[in-house]
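Undergrad: All chains, please: the whole structure from these sequences, using the hints.
Below, each chain spelled out in residue letters.
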Amino acid sequence: MRYSGLKVITEGLFGNRGWTPAWRDPAPKAEYDVVIIGGGGHGLATAYYLAKNHGITNVAVLEKGYLGSGNIGRNTTIVRANYFLPGNSEFYSHSLKLWEGLEAELNYNVMHSQRGLINLFHSDGQRDAFVRRGNAMINQGDDAILLDREGVREHLPYLDFDNTRFPIYGGLLHPRGGTARHDAVAWGYARGADRRGVDLIQNCEVTGIDIEGGVVRGVQTTRGAIRARRVGIVVAGRSSQVAAMAGMRLPIESHVLQAFVTEGLKPVINHVVSFGMGHFYISQSDKGGLVFGGDLDFYASYAARGNLPMVEHVMEAGMTLMPMIGRAKVLRSWGGIMDMTPDGSPIIDRTHVEGLFIDCGWNYGGFKAVPASGWCMAHLMATGEPHEVARKFRLDRFATGHLLDEEGTGSQHNLH
Amino acid sequence: MPDLIAKSALEGRSLALGGVTLAEVDPGPITSIALYPGGTKTAAKGLRTLGLAMPGPNSFIEKKGARIVWTGREQAFLIGVAPPAIEGAALTDQSDGWAVLALSGVAAVEVLARLVPVDLRLAACPVGTALRTQVNHMNAVILRTGDYGFEILVFRSMARTAWHEIENAMHMVQARAGTKI
Amino acid sequence: MRLTCPLCGERDRREFYYYGAEDYLHRPSEGAPLSEWDSYLHLRDNVAGVVRDLWYHEAGCAQWLVVTRNTVTHEISGVELVAERAK
Amino acid sequence: MRVDGKGLIDRTKPVRFCFDGRDYAGYKGDTLASALLANDVRLVGRSFKYHRPRGVLTAGSEEPNALVEVVGPSNQTPNVRATVQEVFEGLVAQSQNRLGSLRFDLLAVNDYLSPFLSAGFYYKTFMWPRAFWEGLYEPLIRRAAGLGSLSGRHDEGVYEKAFAFCDVLVIGSGPAGLMAALTAGRAGADVILCEESHALGGRLLSDGGTIGGLPAGDWVAQVVAELEALPNVRIMVRTTVTGAYDHGTYGALERVGLHKPARPNLPRECFWRIVAKHAVLASGALERPVAFENNDRPGIMMASAVRTYLNRYGVVPGRRVTLFANTDQARGVARDLMAAGVTVAAIVDPRPDASSVEDCPVHVGAEVVGSRGRLGLSGIQVRKGSEIIEIETDCLAMSGGWNPTLHLTCHMNGRPRWSEELAAFVPMEGAVPGLVAVGAANGSFSTHGALVTGHAAALKAVEALGRKVSVAVPEAEDMPYRIKALWAVEGTGRAWLDFANDVTTKDVKLAAQEGFRSVEHMKRYTTQGMAPDQGKNSNVAALAVLADATGRGIPETGTTTFRPPYVPVSIAAMGAGGRAEGFAPQRFLTSDQASRDRGAPMIEAGLWYRPSYFPKPGETTWREACDREVRMVRETVGIADVSTLGKIDIQGRDAGRFLDFVYTNTFSTLPVGRVRYGLMLREDGHVLDDGTSARLGENHYLMTTTTAAAGLVMRHLDFVHQAFCADWQVRFISVTEAWAQFAVAGPKARELVLSFLETPVELPFMGVAPVRIGGVDGRLFRISFSGEEGYEIAVPTRYGEALFRDLVARAETMGGGPYGMEALNVLRIEKGFITHAEIHGRVTAHDIGMEKMVSAKKDCIGKAAATRPGMWGPEREQLVGLKTHAPISAGAHLFVPGTEVHRETDQGYVTSVCWSPTVGAWLGLAFLKDGRARHGEKIRLVDHLRGLDVICEVCDPVFHDPEGEKLRA
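Residue numbers (the UniProt record's numbering), protein chains in the order written: chain A, 1 to 416; chain B, 1 to 181; chain C, 1 to 87; chain D, 1 to 969.
To be clear, the hints were calculated from the coordinates, so they are not data collected in a lab. Heads up, a few of these hints could be off.
As the list claims (entries may be wrong) - Some chain B residues well away from chain C (every beta-carbon gap over 12 Å; in silico): (1) Gly-12; (2) Gly-18; (3) Ala-23; (4) Gly-51; (5) Lys-63; (6) Lys-64.
As the list claims (entries may be wrong) - Result set (DSS-like, lysine-lysine): computed pairs, CA atoms no more than 25 Å apart in a straight line: (7) Lys-7(A) - Lys-509(D); (8) Lys-852(D) - Lys-966(D); (9) Lys-392(A) - Lys-929(D).
What you are looking at is a predicted structure, and each value in this text was computed from that prediction instead of being measured. Where is the CB? At the ideal position from N, CA and C, for every residue including glycine.
TA: Encoded structure:
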């Protein structure tokens, strides 16, 4: 079924009885060409591009819970391409280009809204670091504009310019940065993959990976054994556990990241605003809620919930930066489990097992990466070779010292 | 020859609000005593000349104007007197590193409840308690000096922030005092 | 979240700094192969369950602690001083 | 309409307030909702999506409809529950989410378009043409969506946060909570009792009845009096416990000043962090609506709310009230209404076997299937068998049974358990360690059950605390709870589940039809449960409708879960103290006032404030001042406060050995009285920090760190010491704050220094000696960050200001003076000294040309990891100098002249630049691929952001006095 405004009207006139399921609910087959473990954004996008770009449609996506039950539905929905290290730069640039065509590609309105992202800086040194970043973005073919204090004021007049702990020197505006509706991305890819023949299998937990003579043969699941020639592990938040089934120890520690949304409000914040000095970022959803977050809770956790010190820190940051949000009330908070790597950059690579691939380590930047991650993982799984824009996301780069440390905080997992 | 006038962080400022008094006080010399491995006995000997001993965790001992305050594992601050010769420990002058604020009054504990993440009520924090903790975002040493009295050591450079935050809390506690619960 | 510092007693999480897994205590000896360093610095069991990890009582007594903790329930079953740990 | 003789409001204290521009009267003790209902105002809001007219539904914080803006003197607060907001003299409130007036909301057109606005419609449209999304569709959607408005002005209100501790936290003060508090309080336990409303008693204040032979109100008063008299019990009213966190920590929001006119320093709200050894959740239960066609009209209310308005506020929300309920408990409202002289038009009970003893028409086995009245209810249709009965009524009290208020038990990922008997979810025991749910919150819906379970939980808690107590549980009503689940009445029209977000049973069925069968999918697809009431009124019913639509039972369909906060909490309350400078401590130098006196702009350096430059009359730009200060240091003498550098005092027999381990180079061989530059790595082989360390005595060193890394280094040293060499004879402590330290730099530095020392000393370059200045013991270091002959003089901090003023005065007599951060930066760039602009965390010793400082003779932190193949070699960017005559900028990237400018041709980047008055050129420090081999090359510097494109010469990073002759003079 193709979605369109006309379809919405005709269905509306006939009681909305004609809408069909967005995806099938198939039983798992005994064998697939490719099994993707993980039905989150990255896994669904991988399956979609395997089918779309490589014609590989005998694919199953195995999801422990419901589709999109992981971080794809627990994030602050920011989409940007503002990295500066070669290796990251080209990857996120590619991702943003995919985002820009995603509605048409998927025939699904993921509400990608390029409302502009402003990163604030508060000292000359920070300005120089952002200028380096902005120049890298432009060298990559993306966009960046340096704003001085008055330039920031024009965009964000409600910030506290006069009475704040870390005065605003200026900002780096990334006009193509913005937000999208997170769940819709998962659903759009799921629907697209399903339409191309991919089996999306929910409530199917992988309990083992079958390996013979160093070659992957399939997986064991709560719904029986499934044979596969190639298996991809795409399970952010549980990467270490699933990789351990193949005898791997990953350079990952899992951490909880909290995020918050307020009650609905009439439009008041029209950009994505990032306050690095206070570890605070915010945007307003189309429904009107202020969506914002901060840093990790900083201790290893799989609990998908946070604690008060970080909650308070985030709120205090909001109050020092934009005290006009004080009377907005936080409606809900949640925690996502982040695969934190020692350099803050992800991994899309082969493993020591032939036919077994892994896509993990998205730290807390995985949402915007979904299209390119799926694209590159599909490329890797289909061709056996890394995609050009993801070739630095190697699993062995920590052993070899070829790091991609944007923050410069070093090999401590939670500092990225 | 320069004429070096000594100045404390807050120049001895004081403030009374709603029955609570906040004042910067001069603690006299402060010396960190950090025991080396195996230094327990020899250090104790040195301290005995003052009639003091290394205090147990979370406590301080006071004798004739001299205080010895637990500040960490095998570490204490000797406050109010010049240190005697002590073997088996590293002695470091900390006199100028801290600003000391005295907070007193029946509602002092309510004021600090706005800033300190530790139970400071008398039952949990009897007189003689010394805590290493925080005053809002600042590290501090807090001494329970009386039923209604505290002394708070903060880094000297942060004294103005500490003052400001405690003063703010005093204002809010005072404003609440007139409100019926 | 609250941690019991063996010296200071039970304190709010805000007083502590988290570093990482206990692995950081097992520093390879001089001349160890780089693979050992990779393991030491980067690779983690990252268990969903009971772990031992390193915390620093930064706003308290400045002691490093080994905390035995469940990463799923956040239950804490033990805290010891790094400096006095049983080796 | 107000009813005489009823309610707990204070009729001697009338209060005037304003709603939507009209003045009304209420009484002290009223909520805005009760006062509006007393004035027969039924229409109070508009719904989120269809802009349907809405009235008050509940009498508590779960209210989905009656959300208003409260307008204060300085600002407005959106989405305030009229059911919680207490009226006070001068209160001004207005309705929200309307285009036009509340009665004639232009956006009500959405209601007519509802067939096209079904669940998830927006995922299927607005895609073409692409540019229209951001240009047209999205702005329209955003404007129509949202509820109340923020003003956009800074919130200048006063807020506070506080900590509290207790043995037993009792959450809720209904019969279960009071009994628990009384039991624990009498046992001598340290008790905190939190009550969301302004008065203790919970449902006893609404429902009446008798306890221990006393009217419930009297029993409440008696218990409250006893609790108030107990010194170990702290009662917190207007306080909602909002979250359960790890290890007995609870968040709670106290509405301190929201119920009265603003007063200076009186907080609006206080966010409490309560640490409790035990907690008793006595939060009661929330009554649930029934979905039937047009069940959202103003005048349709929860039955319990009608009873609360009657008994607690002396208000009836209608003249002819109908009751639609499926439990015996709900009948109480009809009896109370009739007793108060209000007409009860009918009782409609879907249970075929329900009683009909009340003195009014009772329709058993019947259901309400529809309603009429555009801006307020005027009548309902009741289906009884095949018959449809029209009933004229202006208030429908509905009850679909009760959901235990178990939200807090879910805050640690615990899932509730489905009880068939209660047709409700009940808490899973132990879901939050230390928290026990009692009374209605645990599914014990009778007063007796509440008292017994509250008492038992408190008893268990006090016993665990080692206390004993004997408290008799008084007699009370123990009516069995007999319910026939009724979620949605069959019908074809729109029947609301989630009033606030306009989610109907049709939407949930559509979600199921489209494959969104998981409860999480349904919620996310329909937005059910995401409105300000957080699904309190709709979660269970929506789940039930989904279960029905997918042919599963409720437990198989899923559970509903809740995350903090229990009620929405203002950002200002949880962020109290963060406003303005409160976000982080401010650190001030002893020279701060002296610098400000000289007009120096102060800038942030970490938490410190440091002078940027010291302007002189006639200077119009910072550059003029900076250039002058640089020349001053190069030609005469300058003074700078460098006290912000971290200083760590290290003592012990193994101090040298310890420094050898944390620095790449060797310090154990440093002679006493000498200073050495040291490089410190992280264990991953990158540069952590640099600085000098002085050997003050055989077993005594003083380390300095950069300002930025002072805390980091201290933590690092503590780790290395405690983890790897706790048995060494070494102890260290920060003395950053204990010493004020000033740089005296320039050709006349020595002359100046000698002029104030009591006994002259001749120090070699990199020497240190104790000195006396004006009777004070200090330390003199001969070190330089400027490239000139330089000294740093340290005195105890109390003398800092005096010494700074003295030094500056002396310097001025010699043609010198103070210099600030700008000049300091230029001086160090000219000399090629690095700061954290260069050692930004991705840099190795090799990158900065210091690989020779990594001693081959010993192990040190970071040495092994630095040997990884990716950590050195010509592919890496290496520190170089850049020189040119046109302005350049930090953050620019470097390219080979003549090549294209893009990522693949990128050769490096610039970290620091300055105009050098000394060299007479623009200088830069940069990282360039294989840079050390490229000295003498021309390189193209491109800064798109600032529009710079300049050819520079690559050179050694030391521009000034490369042989160091001046330093050693």
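Undergrad: Each hint should be assessed against the structure and marked as holding or not.
TA: Comparing the hints with the structure gives:
1. The beta carbon of Gly-12(B) sits about 27 Å from the closest Cβ of chain C, which is more than 12 Å, so the claim that it is off the interface holds.
2. The non-interface label for Gly-18(B) is consistent with chain C: the shortest C-beta to C-beta separation is roughly 27 Å, beyond 12 Å.
3. Interface exclusion of Ala-23(B) from chain C stands, the closest Cβ pair being 24 Å apart, more than 12 Å.
4. With a least CB separation of 25 Å from chain C, Gly-51(B) remains clear of the 12 Å interface cut-off, as annotated.
5. Against chain C, the non-interface label of Lys-63(B) holds: every CB pair exceeds 12 Å, the least being about 23 Å.
6. Look at Lys-64(B): its CB is around 27 Å from the nearest CB on chain C, clear of 12 Å, so calling it non-interface holds up.
7. Restraint check: the Cα-Cα separation between Lys-7(A) and Lys-509(D) comes to about 19 Å, which is no more than 25 Å; the hinted pair holds.
8. Restraint check for Lys-852(D) and Lys-966(D): the C-alpha separation of about 24 Å stays at or below 25 Å, so the hint holds.
9. Between Lys-392(A) and Lys-929(D) the CA atoms are separated by roughly 18 Å; this keeps the pair inside 25 Å, and the hint holds.
The structure is consistent with each of the numbered hints, conforming to all of them.
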